[in-house]
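Mind docking chain B on chain A? Use the hints.
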Amino acid sequence: MSTIAISVPVPDSLDRRIPLGVVRDTLEITRRNLIAYRRVPQLLVFSTIQPVIFVLMFRYVFGGAITVPGDVPYVDYLMPGIFVQTVVFGAIATAIGLATDLKSGLMERFHALPMARSAVLTGRTTADLSRNVFVVILMMVVGFLVGWRLQTNFWGLLGAALLVLLFGFAMSWIFASVGLAVGDPESAQAAAFPVLAPLVFASSAFVPVSSMPGWLQAFANHQPVSATASAVRALTLGGPVASEVWQAIAWSAGILLVFAPLAVWLYRRKV
Amino acid sequence: MRENAIVVEDLRKHFNEVTALDGVDFEVERGTVFGLLGPNGAGKTTAVRVLATVLRPDGGRAEVLGRDVVREAHAVRRRIGLAGQNAAVDPNLTGRENLRMVGMLGQMQRTDVMPRADELLSRFDLSDAADRPLRTYSGGMRRRLDVAASLMPRPPVLFLDEPTTGLDLPSREELWDMIRELVSDGTTVLLTTQYLEEADRLANRIAVVDDGKVIANDTPGRLKAQMGGIVVEMALPGDGRADRAMALLADRLPGRVEREGDTIRVTSERGGRVLFDILRALDRDDLEPDSLTVREPSLDDVFLALTGHHVAPDAMGPQVFAAAESKGVGR
Numbered sequence: 002m003s004t005i006a007i008s009v010p011v012p013d014s015l016d017r018r019i020p021l022g023v024v025r026d027t028l029e030i031t032r033r034n035l036i037a038y039r040r041v042p043q044l045l046v047f048s049t050i051q052p053v054i055f056v057l058m059f060r061y062v063f064g065g066a067i068t069v070p071g072d073v074p075y076v077d078y079l080m081p082g083i084f085v086q087t088v089v090f091g092a093i094a095t096a097i098g099l100a101t102d103l104k105s106g107l108m109e110r111f112h113a114l115p116m117a118r119s120a121v122l123t124g125r126t127t128a129d130l131s132r133n134v135f136v137v138i139l140m141m142v143v144g145f146l147v148g149w150r151l152q153t154n155f156w157g158l159l160g161a162a163l164l165v166l167l168f169g170f171a172m173s174w175i176f177a178s179v180g181l182a183v184g185d186p187e188s189a190q191a192a193a194f195p196v197l198a199p200l201v202f203a204s205s206a207f208v209p210v211s212s213m214p215g216w217l218q219a220f221a222n223h224q225p226v227s228a229t230a231s232a233v234r235a236l237t238l239g240g241p242v243a244s245e246v247w248q249a250i251a252w253s254a255g256i257l258l259v260f261a262p263l264a265v266w267l268y269r270r271k272v
Numbered sequence: 105m106r107e108n109a110i111v112v113e114d115l116r117k118h119f120n121e122v123t124a125l126d127g128v129d130f131e132v133e134r135g136t137v138f139g140l141l142g143p144n145g146a147g148k149t150t151a152v153r154v155l156a157t158v159l160r161p162d163g164g165r166a167e168v169l170g171r172d173v174v175r176e177a178h179a180v181r182r183r184i185g186l187a188g189q190n191a192a193v194d195p196n197l198t199g200r201e202n203l204r205m206v207g208m209l210g211q212m213q214r215t216d217v218m219p220r221a222d223e224l225l226s227r228f229d230l231s232d233a234a235d236r237p238l239r240t241y242s243g244g245m246r247r248r249l250d251v252a253a254s255l256m257p258r259p260p261v262l263f264l265d266e267p268t269t270g271l272d273l274p275s276r277e278e279l280w281d282m283i284r285e286l287v288s289d290g291t292t293v294l295l296t297t298q299y300l301e302e303a304d305r306l307a308n309r310i311a312v313v314d315d316g317k318v319i320a321n322d323t324p325g326r327l328k329a330q331m332g333g334i335v336v337e338m339a340l341p342g343d344g345r346a347d348r349a350m351a352l353l354a355d356r357l358p359g360r361v362e363r364e365g366d367t368i369r370v371t372s373e374r375g376g377r378v379l380f381d382i383l384r385a386l387d388r389d390d391l392e393p394d395s396l397t398v399r400e401p402s403l404d405d406v407f408l409a410l411t412g413h414h415v416a417p418d419a420m421g422p423q424v425f426a427a428a429e430s431k432g433v434g435r
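Chains as they are written, first to last, in this note's numbering: chain A, 2 to 272; chain B, 105 to 435.
Treat the hints with care, as some may be off.
[Stated by the list, open to error] Derived DEER-like restraints, expressed as beta-carbon distance ranges: (1) A:Arg118 to B:Arg239: 22 to 28 angstroms; (2) A:Gly22 to B:Asp404: 44 to 50 angstroms; (3) B:Gly270 to A:Arg39: 47 to 53 angstroms; (4) A:Ile138 to B:Arg284: 50 to 56 angstroms; (5) B:Gly270 to A:Asp185: 21 to 27 angstroms; (6) A:Leu163 to B:Gln213: 33 to 39 angstroms.
The set of hints was computed from the structure by calculation and includes no laboratory data. In this text, all values refer to a predicted model and were calculated from it rather than measured experimentally. Don't be surprised by glycine CBs; every beta carbon is placed ideally from N, CA and C.
The following block holds chain A by itself, in its conformation from the complex:
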């Protein structure tokens, strides 16, 4: 008997899908994407160097010219905005990663395997969530080094981190949809920026909304980046928390409810 392959007849019972197959497949694809982050460090650079530059720029260049309401040092106002901005920009990686996957021959192999097809999507967003855990912790350290101080307690910090991660996960699904809609990595990068620029810059992430013209305030006050940044501020600076946090959670949940099915639909249409 040769060693290379003994064709084992497949029992018919195996034709049924394994109940936890989706989870197993998602973890496998997640693992694959995380290995790529480790092997190709350039992938991580975009999501770490860029926010660090933003911190330095806003802390030391623009910060002096920006006044924030209340008796809050600008760096304490800034860092919650930076955390949120970091995960939004980081979500571009989801769009690029998925668009790259779609173009690679690997997709063909996946489609011929008895795996859960949605694992390609969920494995990508889960990997990007794991990456965000690392990036958010890193940004907290950077913030601490430039003078950011927590005014509440550990639970406030943990809650803030979880809220940012939830928002990052929700953003991943928006950009998953963008990546699937445009279909190639270069266009994904180009298409992502116009989506995220108004969200990030016309928000309370870096400057108080009250400094903006009235028509822009209307938008800036009612969008997810501002809502999440405000909730993170409440959790790290102190003050009334409940309503801010619920609003932020509602935004993330709403985004997930719309964009996760949309991404799945776009994906099904592609294959």
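Coordinates of chain B only, in the frame set by chain A:
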């Protein structure tokens, strides 16, 4: 009696206006190698992609081990391996990690995955490179890993889409040996190729595909037997020499005489006789061919006879193609 592993009936697939499969039928007996032979764009890859459940057909039907590729796609996927034309591997993962991933996604028993990966790595001579990212592999190594990956879950039916394109001759021979070994273990293999030699040496049966249709389906031996005993080919470039030779030989030999540019090809059942006749006729007119070959008919001759054109000259590589073009092949 042996049963069929693959049944394809009136399979059709269009891409916008392009018809890739125009009513394809064939059957593949269990435990045999079936070759789909044809030029680029003939529809071979489309057929494989439909059978591997990657593409949905527009019409007709196909079964793998009794399971319908559309309605029972999941069941089909549990029974097949696919090695595609473009090495479908993750360049950032190591060889071992790639195999692991395919094994896990192929729903293998967790404990079975790593031993199977080690076994295949050593069988495909990749043990030393097992822990290097695929980016560092040569083209041949990638191709071998791709085939190894398709074998991870021990599929009873294996699809190989141009498995040896781009491989050097030793690697090609090695892969052929592996395919034979798989088949002796009971695996059914469907392979597509543009290489006549490959189909000839591996396949128990060959379907010649052109323009989305099967134009012949037989054993390599019988396909070649249609062509008669021997082929004599001579090159007479320049000065209308080929015209003169054609005038001397046409309709005067016990065989078929064809001309392609400066090359004249004679196919005949009566090898010795026809060779004497040719040489005598040319000598009388003082025509000396630049080259003269006597050989057995190849599948290319079969293909030429069936379709009026060669099997993808570009598949032979740029140099051969240039040479072929200067000889006027394919006109």
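Outcome of the hint check:
no. : hint                                     : result
1   : A:Arg118 to B:Arg239: 22 to 28 angstroms : holds (26 angstroms)
2   : A:Gly22 to B:Asp404: 44 to 50 angstroms  : holds (47 angstroms)
3   : B:Gly270 to A:Arg39: 47 to 53 angstroms  : violated (30 angstroms)
4   : A:Ile138 to B:Arg284: 50 to 56 angstroms : holds (55 angstroms)
5   : B:Gly270 to A:Asp185: 21 to 27 angstroms : holds (24 angstroms)
6   : A:Leu163 to B:Gln213: 33 to 39 angstroms : holds (36 angstroms)
In the structure shown, a violation is registered for the earlier hint numbered 3 alone.
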